[in-house]
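Residue numbers (the working numbering), protein chains in the order written: chain A, 1 to 531; chain B, 1001 to 1535; chain C, 2001 to 2151.
Hints are supplied without guarantee of correctness; some may be wrong.
Claimed, not checked - Below, a list of computed lysine to any residue pairs in the SDA-like style, where the Cα atoms sit at most 25 Å apart: (1) C:LYS2112 with A:ARG258; (2) C:LYS2110 with A:SER117; (3) A:LYS165 with C:GLU2074.
Claimed, not checked - Going by beta-carbon spacing under 10 Å, a handful of chain C positions derived as facing chain A: (4) LEU2027; (5) ASP2031; (6) GLY2076; (7) ARG2078; (8) ASP2099; (9) ILE2101.
Hints are computed from structural coordinates only; laboratory data are not their basis.
Just so you know, these numbers come straight off a predicted model, no measurement behind them.
Built from N, CA and C at the ideal position, the CB exists for glycine as well.
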Amino acid sequence: MRKEYDAIIIGAGHNGLTLGAYLARSGLDVVVLERRHEEGGGLCTEELTREGFLHNVHANYHTFVDLAPPVADLDVRGHGVEYVRPEVQMASIYDDGTALLIYDDLDRTCESMSRFSAEDAETFRRLYTEAHGFVDLLLGTLMYRPPMSVKELTRALATFGVEDKTEFLSVKLRRESINEFLDQHFTDPRIKAHLAFHGAICGYTNDVSGLAIGYPLLVGKIDNWHLCVGGSHRLAHALWRDLAQHGGTMISDAEVSRIVVDDGRAVGVRLSSGEELTARKLVASTVDVEQTLLEFVEPSEIPAELHSKVSNEIQHKDWTLFSVHLAMAEAPQYEAAAFEPDVDRAWVVNLGYGSLDDLNDDWRTVRGGGLPVPRPNAAVNSLYDPTDAPEGCYTGLLRQFAPFSLAGSGPGGWEGIGRHYGERCIEAWRRFAPNMNDDAIIDWVPFTPLEISQKMKNMVRGDWMMGEITLDNMLDERPLRELGQYRTPIEGLYLAGSTQHPHGFITFGPAYNALQEIAADLDIDPWWQNI
Amino acid sequence: MPANSYDAIVIGAGHNGLCLAAYLQRAGLSTAVFERRHEEGGGINTEEPLLPGYRFNLHAQYMEFFDIMPMITDFGLEDLGLRTVMPEAQAGIAFADGRPPIVLHRPDLIDRSHASIARYSKRDADMYVELKQRAAMLEPVLASGLYSIPSVSEPGTQELMLETVFGDLGITGNFALKSPTNVIDELFESPEMRALLYRTTVEWGYPIDEAGTGAVFLSFIFWTLANWKLCLGGTHTLAKAMTQACYREGVDLIENTAVESVVVEDGRAVGVEVRGGRTVRAERLVASNADLRQTLLDLVGRDHLSPQWVRRAENYRYGPSHVLGTPMFCLHDPPAYTSARWDPEIDRCFYTMVGFDGPEDTLRYIRDAFMGRLPAPAAGTWVNSLWDRAQAPAGRHAATGWYFFPPASALSAQEWEEVRATYNDRFLANWAAAAPNMTADNVIAHRLYTPDQMERKNLMREGDFSNGEFALDQLGANRPFPEASNYRTEVEGLYLCGPSSFPGGGAHAACGYNAFKAVAEDLALPSPTVPERGY
Amino acid sequence: MADVYTPDWYAAVRTAINDAVSDLADLPDGDWMVKVEIVGDGTSPYVAEGDERHFLIRIDEGRCDWYREVDGDEEGVRLNYRFRGSASTFDGIADSLVDPIDAALSGEIKVKGDMRLLMRHARHVAVLLEAYAQGVDTTWPEGRPPYEGGD
């Protein structure tokens, strides 16, 4: 392996590869180092059950397609990525046998909602239309720019008089939870449950105060859910390919153990194999901030106060996901199809949350380390991507909100109960789709919160968002105010992973925003800002 | 989205396909590779299918050609992520009764190998050292043979080689006519050494009872034996480095896109039809990394072939000689062999044979598998985490192995299901006999990957690692059959670049490299041969 | 008095902007190259349907340096912002009938560029917009918004 590069990037997740590709395209000699044997981080597709069944172990939903600048800038589609935007994006099936559907078409979505409440459907149409008007502005302002503070933002909105123009941008949302927002605007408990559920699977927990401010964006892209044909890992290959085509290198199985700091400046990394690599211009870490600043650098190299904050104050999600990956001979046939036939074509289905209280109760249980009675959500990618399973078969995914640490037994408790809880999740599914029996299910495996943290070391405590989404862990305060602008106290060391604004999910945001700061510092011509 | 047309299209991103594609693109041909799976590398794969952090090589394990593989130097694969270690203790055999193991070390530590064998027989130890050293001298010849289009050798060549190189050891020309079993029995006296050598011979897929492969045994097998490297991170690192080389060159590598057929117009391959019915044109050539029957019968189709080629393809044989099952074990501790009290190196061996207490066991085992019967459990095993901490979580270990199995079609789906459910446990009982800590308590999780699964996953027919039996009529210039042995086919513009061609299965990328030589000759491209290298 | 979208009118807009910002403290550093793209929508008489009129504006240290009509994107000009919308929307803004913030929020005008900078200098931006909408005594020779049959 060559020992000297302009830029060393730690972690070949989508942020690491994205940053690497931009820098390589800017003429830098880039290496992206990955601890695992596969690049992609959360863009991880494996044949976990049987050969030919492609399971997305982490990222399954791509909701920023064509909103995130890198998709075009790095020619992701040209590198072979095919996206499908399922016609029936999402559904909720309720205990009363009804079902609510989100289509890729606003009229059809509203039609589905109006079966529950015509008034709510109209409200949704209004909010959606409003949000759509400014979703580009919002993305440009909030997602794909280094963050400003909530205060700055509020002041600007007041200056523009925006508050009076749309309730979606009202300052008071800062004090409200999604629950409160929904209670103010909607009437039907099932519609509210669905909208809250949608927020939750995007990481915006519905009962957390202040997260109502994120709701406009959530509504604006509620029907922009895309599926990556052939598994999410294909996006990783596309980004890697862009990096390599422009002279960059990705090295897997290269675990960083140290960031070499000389006179307050990051000048390279040491690998756990003992090899040492030199960085002429920068080191960027896309892994968790704890590893970056507590394990990779000597305590003396950062201020003691920051060291203590990183040790004690990083906020991780207080719930995570338990998954069941299934190889299936049949697609689910829901009883609710009697109410709404299209439910059998829904990509992602919420099974049973029928009110905000249903969700709230489970958050309470989960935060106490308890296992909720399963109400998993089910995604069958094969409905829209037949290439992800052998002919005539289906690949399924159940996801259940769950704690990382179990009351009484801690995270290790998952080792004994994964199989059992998985069975309960499947049973819960079967209540809504009776055909999901032993004949239909060829094989399945559980994937526990503990396994998330074991497989992806940077998803600390099973935190697939790499940092909680709360009002005080957002924007320039994510993950800490001192680290909120992608720079660190160590010159030449940048943070460019999902620990940073905006957050986890396949947003490309952390890398794209860190790029702006790096470009400013290194005087790189921002060719990508093709305005 | 692939373009509508390329100069060259390669079917299959196995390591041979990647190799060919990289050379083609570098030679100035716009090249696309279509891969059916979501991941490149074919048999060069490493997965994490059991518990997080435990890596398993499902097919290729040890790497013996890295010092001679042209692509590694030509494309700088070591700068693109390929890293290796060469464990000191290479091949060992441990016995259930705790008698001394035999541990073969890497070539620079051959004294240790000698000492280990000499516990049983000084004569065997001397013979081993002699044979290894002479086989090593053959490396330039063997390497240039591997990386060249095969030709039919003059009658008597093998005999002459044997007499010249090994004659003073009492090895006469007629050894060329012997089977490996005969050669081993003639040259080695100790049962322990015989048990070891029988097994290491079949690792390569050479049928040990087939007369006429004695020269292959003495040259090729002895050259590669205990000359093994471990790919850090798993063998898939090789595929990754090759993929990265392809990316660098600008190859369009398209995964998840099965080729449905090769488009033939006027007897010439002009493109492929891919999933979804789309046709992609190939202006200059199509090359197939898929196996012979799939390429000719499924993709080209009988209509475009002469009756003789159809017959040849139909009668090309897969297995039974290299059909393997791969067990995967997540372990607390690596096996601690009773026989380590004689030689602790057995606990650090790269590759350890378990369950073969004498030559009869090994022979019965191999013959059972070749005859379509499930052998009594025994295996060659690897605990790669001993040498590469990346392959298991801290403080834990990942072990894999090779079981010789009957071909996929010899057992029903139900029977394979049964094998997957029970065979590892039966093997563990034998493993514990030699290494008492290998009890169920030490095994955190395990799984068995069987030939029928391999067939479905990688389209390696019958679960044959070599994609075609290693038998004299299917080897060398006879592989896959004489008329197709120079990588060309009777369909103009269609080339073979997979392991159904010479030299066969194995992580050498020679099929791809040699196929490029054939293409280069036909299209007047610069030859990849480097004079100092000789090939 | 100046006819809309004529050189006189640009000059008037420029003056209006510079007068308006002259009282402001904390003007943004550096220069911004701003492009306004007005797309004919069959309603406004000033840009034919299917046609576009493009204006390039240079804001230097918060002041309008120059303001001119251009023919598409110009080689070598690196834009900081691009505002694009229908002619009737822009006409409406120039006549104080349409609120530019509303137009941006509803997506009628698409804004590209560094939003963060616009937010940081919200006060300045608001003054610019106001000057554009109200600072010039515009005449409308071909008719004045709101147009008949418009949205």
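Tell me the numbers of any earlier hints that the structure contravenes, in ascending order.
Of the numbered hints, 1, 2, 3, 4, 5, 6 do not hold.
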